[in-house]
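Novice: If you want the building blocks of each chain, they are given just below.
There are 2 protein chains.
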Amino acid sequence: MEQAEAADLGPGLSERVAAALREDIISGRIPGGSKLNERELSARLQVSRIPLREALPLLEAEGFIHSEARRGSVVHTFTLRDAVEVFDLRLQLEPFAAASAARRVAAGADPANLLAALEYARTGESGHQASGRNSDLHEEIVHLASHDLLRRLSNLLNGRVRWLFRLTPERDTPGMWEEHAELVHAIADGQPALAEALAGAHVERGRHASLPHLAGRLPSEAPARKGRRPRSQD
Amino acid sequence: MEQAEAADLGPGLSERVAAALREDIISGRIPGGSKLNERELSARLQVSRIPLREALPLLEAEGFIHSEARRGSVVHTFTLRDAVEVFDLRLQLEPFAAASAARRVAAGADPANLLAALEYARTGESGHQASGRNSDLHEEIVHLASHDLLRRLSNLLNGRVRWLFRLTPERDTPGMWEEHAELVHAIADGQPALAEALAGAHVERGRHASLPHLAGRLPSEAPARKGRRPRSQD
DNA sequence: CCGGAAACTTTTGAATACCAAATAGCGCCA
DNA sequence: TGGCGCTATTTGGTATTCAAAAGTTTCCGG
Chain A
1 MEQAEAADLG PGLSERVAAA LREDIISGRI PGGSKLNERE LSARLQVSRI PLREALPLLE
61 AEGFIHSEAR RGSVVHTFTL RDAVEVFDLR LQLEPFAAAS AARRVAAGAD PANLLAALEY
121 ARTGESGHQA SGRNSDLHEE IVHLASHDLL RRLSNLLNGR VRWLFRLTPE RDTPGMWEEH
181 AELVHAIADG QPALAEALAG AHVERGRHAS LPHLAGRLPS EAPARKGRRP RSQD
Chain B
1 MEQAEAADLG PGLSERVAAA LREDIISGRI PGGSKLNERE LSARLQVSRI PLREALPLLE
61 AEGFIHSEAR RGSVVHTFTL RDAVEVFDLR LQLEPFAAAS AARRVAAGAD PANLLAALEY
121 ARTGESGHQA SGRNSDLHEE IVHLASHDLL RRLSNLLNGR VRWLFRLTPE RDTPGMWEEH
181 AELVHAIADG QPALAEALAG AHVERGRHAS LPHLAGRLPS EAPARKGRRP RSQD
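Protein chains in written order, with my numbering: chain A, 1 to 234; chain B, 1 to 234.
FYI, nobody ran anything at the bench for these hints, they're computed from the structure. These numbers were taken from a predicted model, which means no experiment stands behind them. Any given hint might turn out to be false.
[What the hints assert, rightly or not] Reference listing, derived: stretches of chain B covered by chain A, where coverage requires no fewer than 3 residues with Cβ under 8 Å from a Cβ of chain A:
1) 11-22
2) 44-54
3) 59-65
4) 102-112
5) 151-157
6) 214-220
[Said to hold, decoys possible] Which chain A residues stay away from chain B? Per the calculated CB distances, all over 12 Å, these:
7) L13
8) S27
9) L45
10) E60
11) A97
12) G108
13) D110
14) N113
15) R133
16) R162
17) R166
18) E179
19) H185
20) A188
21) D189
22) Q191
[Stated by the list, open to error] Label-pair ranges, simulated between beta-carbon atoms:
23) B/H213 x A/D148: 38 to 46 Å
24) B/T123 x A/Y120: 35 to 43 Å
25) B/R205 x A/V84: 41 to 49 Å
26) B/R217 x A/R166: 22 to 30 Å
27) A/E40 x B/S146: 33 to 41 Å
28) A/G72 x B/R49: 21 to 29 Å
29) B/H213 x A/R217: 22 to 30 Å
30) B/N155 x A/E15: 17 to 25 Å
31) B/S146 x A/E68: 14 to 22 Å
32) A/R217 x B/H208: 41 to 49 Å
33) B/A193 x A/D148: 45 to 53 Å
34) B/A19 x A/P169: 38 to 46 Å
Heads up, the beta-carbon is just placed ideally off N, CA and C, and yes, glycines get one too.
The task is simple: from the sequences and hints, build the whole structure.
Specialist: Structure, rendered in structure tokens:
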């Protein structure tokens, strides 16, 4: 199989494979419960099994797939419980991230990138793309916090946050932008306590706004254990 | 290269490779800054490069190694900052884990395993092995919380917690066992608020007890960027 | 004698081919 | 119709090979 001139040379191939699969799962193009056939995926993604098998453990660590020894990988079926768990942990991490970022600003760090991300999120109109910008904003806060371990945990969380945001496009209201602006300015002003409180409030408001909608859109519990083969496409 | 009868069949080979490397790094057998040569490691671990390259991305996600494209992998050099970061995030996650576990018990979950882990931690004498038992206790709390996402984030944190505990064997004092006992009983009694507060106090006490010791034992900042080749063994 | 450029070497990234073991699906027989 | 064994697909893993990029060495010129 010719690999042509596809060598991007930037990120490793396995990371691109992981990113592609992650997006396919988040977007629902590969539905929950699908069995992932290695060589079929290799063919579709135009790569050999090697980068694929480097990518799958990562996706499993993020909880997007579930792999059992010699039984292959199955795409995770997201439930309402998953959504609740995302809010739970955002509530633990984002206030800390916001406070840390504010402290860093107070200590002399430059919040320019954060303010730029806020502006970027404002200019983008509503819709599915906006959820990506919201994620960018949160990532920028984490980055500003200069906290390596926090960044790693947030990366793990991030895919699921993006999944969650994609399910609730109506979250992108003017009111939410106000919340973001308040939070960003508290950070940019170097006020850790205020930033922490606003971040917590932001997450909690999101939870209460989203969960009722999500309850109708997600299976409340795990699906049947055997025989499900959603036959993604043909 | 004969693989003999080594087929354990239990966990995948790549997971065992990841675990072995993780332990080698935590224990210092592979010192920070070491360059990891793939085929050399393959030879030493008696596996081919494939399970190795499935393991390396996992270790990188956990922050034990740092891989750059076409430049190979280097073992992370732990600094005092890393220790502070571990305490930071334990402080965010463990109180939540303890509260969740207590809520689960109040809702009818059985804390028998948790109590058993506490007893197991008590019977083990002091020393380096005890740090493993402490980790087991924390893992048991997380397990009891029945929170998938929390479990994933905790797993990410866990390796670094084990690294940290191994550096401070003097932490294993009778006083710390009292703290554990209080916490476990609060959970077993189904008291979320008490468990949350005790978990936070436990982490903070550990921070204050450990950091002075660690300050003398760890490099305060990242090492020289180039040319370091600690030549682990020959 | 020192600095820079070119050639060489090492190592990673990736592909291909192959084998063994286990699961799972299938058909066969009672 | 139900249980049992067989085949076949698939995963886990190894070995080998190739290309490209880093790193290293050497060599030449200033």
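Novice: Check the non-interface label on A/A97: least C-beta distance to chain B beyond 12 Å or not.
Specialist: At roughly 9 Å from the nearest Cβ of chain B, A/A97 sits no farther out than 12 Å, so the non-interface label is violated.
Novice: Minimum C-beta separation from A/L45 to chain B exceeding 12 Å: can you confirm that?
Specialist: holds (17 Å)
Novice: Was A/H185 rightly flagged as not at the interface, with every chain B Cβ beyond 12 Å?
Specialist: holds (24 Å)
Novice: Please check whether the stretch 59-65 of chain B has three or more residues whose CB lies within less than 8 Å of a CB on chain A.
Specialist: holds (count 3)
Novice: Can you let me know if the beta-carbon spacing of B/H213 and A/R217 is within 22 to 30 Å?
Specialist: violated (51 Å)
Novice: That 14 to 22 Å hint for B/S146 and A/E68 (C-beta), does it hold up?
Specialist: holds (20 Å)
Novice: Is the gap between the beta carbons of B/N155 and A/E15 within 17 to 25 Å?
Specialist: holds (21 Å)
Novice: For A/E179, is the shortest CB-to-CB distance to chain B above 12 Å, so the non-interface label stands?
Specialist: holds (21 Å)
Novice: Per the stated criterion, does the least C-beta distance between A/R133 and chain B lie above 12 Å, as a non-interface residue requires?
Specialist: holds (23 Å)
Novice: At 12 Å, judged by beta carbons, does A/E60 keep clear of chain B as stated?
Specialist: violated (9 Å)
Novice: With 38 to 46 Å as the target window, see if B/H213 and A/D148 comply at their CB atoms.
Specialist: With Cβ atoms ~22 Å apart, the hint is violated.
Novice: Checking the smallest CB distance to chain B, is A/R162 really beyond 12 Å?
Specialist: holds (14 Å)
Consistency with the previously given hints fails for numbers 4, 6, 7, 10, 11, 23, 24, 25, 26, 29 and 33, ordered from lowest to highest.
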